[in-house]
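Engineer: Each residue of the sequence shown is one higher than the one before, starting from 204 at the first, in the working numbering.
By construction, these hints were calculated from the structure, which means they are not laboratory data.
In this text, all values refer to a predicted model and were calculated from it rather than measured experimentally.
Just so you know, nobody snuck in bad clues.
So the derived label-pair ranges between C-beta atoms look like this:
1) V581 to V541: 15 to 25 Å
2) G291 to A464: 27 to 37 Å
3) I452 to P317: 15 to 25 Å
4) R467 to R673: 23 to 33 Å
5) L476 to L568: 38 to 48 Å
6) P645 to M289: 45 to 55 Å
7) V581 to H514: 21 to 31 Å
8) G572 to A470: 52 to 62 Å
9) P645 to R229: 47 to 57 Å
No residue lacks a Cβ here, since even glycine has one placed at the ideal position from N, Cα and C.
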Amino acid sequence: MAVALTLEGKQHARHRKQQAGHGVLRLMVPLMLVLFISNLDATVVATAIPSIGRSLRDLAGAPWIATAYLLTSAVSTLVLGKLGDMHGRKPVFQFSITVFLAGSALCGIATSLPWLVLFRGLQGVGGGGLNSLVMAIIGDVVPARQRSKYQAMLGAVSTLALIAGPLMGGLFSDDLSWRWIFYVNVPVGIAALITVAAFLRLPAPSGPARRVDVAGALLATVVTTAALLVATWGGTTRAWDSPLILVLIGVSVAGLAAYLATERRAADPLTPLGLFRSSVFSICAAQFLMATMVLFVAMLYVPSYLQTVQHRSAFAAGLYVIPLLVGLVAAIAVAGPVIARTGRYKIYPVIGATLAGASMGGLALAVAGNSAPAFIIVPMTFAGAGIGLLVQVAMLAGQNAVEGRHLGTATGALNFFKSIGGACGAALFGAILVHRLAAGHPAGGYQAVFAWTIPFAVLALILAVITPERPLSEEMIEVAAGKAEVPEY
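Based on the sequences and whatever the hints tell you, model everything.
Structural biologist: The following block contains the structure:
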């Protein structure tokens, strides 16, 4: 056994050495392109949703364009990551690119909103796999001491995609067609597929066989979708006592019970329930969900307000999202090294929740009075900073609360809640908006959307105050400083 492990270690080392230098740089191009388009598609629809809704004659259901992608990518990140461990990352990576491209092409030709939502869900299956596998592939081909440099490059690409998404969505919607939001992925993805097939060489899978929790993944998707449909349709398009809503409630309750039972029995569960015995981890998961919920409310509904009420172009509306994302990135970049140096982190989510709640309150007041641009830009900047502080510490403290052998699983579970939070922000607050718009008060509808985020910010603040601060492990200090990356599954 020791000889076999030594040979496997030498095999990994030999592959890394062979692909070092120019070989790694050659691979970085397709990896960065793939990471760019997969992250882009999480935000590119932010400014295009009103255009798409008008084009397909369904403004009420348009937020599900974002929700579908986030829901399926949340699950596929974990499932495809584990499949890569079992069957080799290269074929699973190629499968993920292919599914993402097929979903993109089908989104571009969709003739109705239900079809577009379905195809966005398919696209999310591929997109979730891409996000997790790119980082894992870097771990396979780059020696540990050089890894931080390449991870920083990929981090920069993700940040660029995050910021470019709303702008590109607005530009395509104004000057071409919203369909080009999806078509643009196809040539980039095909080039990445060819390059990966030609140049990516990875060692054969090693280690004990693992089972993929397919039942857990399907149940999580069904339960979340049914619950969101109840919250979205109940009392708006369907009466609460209508047969459809009652069936969806039954599916949600029964599905949740089945999911919990499945996760208890699974050998390698999608979200190990044992993690939630830690109060710190449970609080961090809840904070992550609420923070990304507020983030997506600001990112989706501020551009929608600007286009619907102030009649701005999609591109101009996209410019207002930049302060939100700059504040988010800046807060994470500043807080991480300070936490790594001091080892203290409790104060940051307290500040973050306060900033986020106050800023969303400011947005609610601004849209009610049809205020000048500065009254939207300033709250957006501070909302982004507050959310950045929340997500930075939620991830760090959550990882720090579990044993080292569960670190990858805990990271995946936290990222699962992050994506679910975004899906909830898109769907639930879209239902609030539709209900108010039906009454004929557009500005009041957006005011209600932003105001309803405040209770979640208050809850996040309470959780931040009561969360105990535990000393950071050495590994978590490295992660906070940006010198190490944790796998997502």
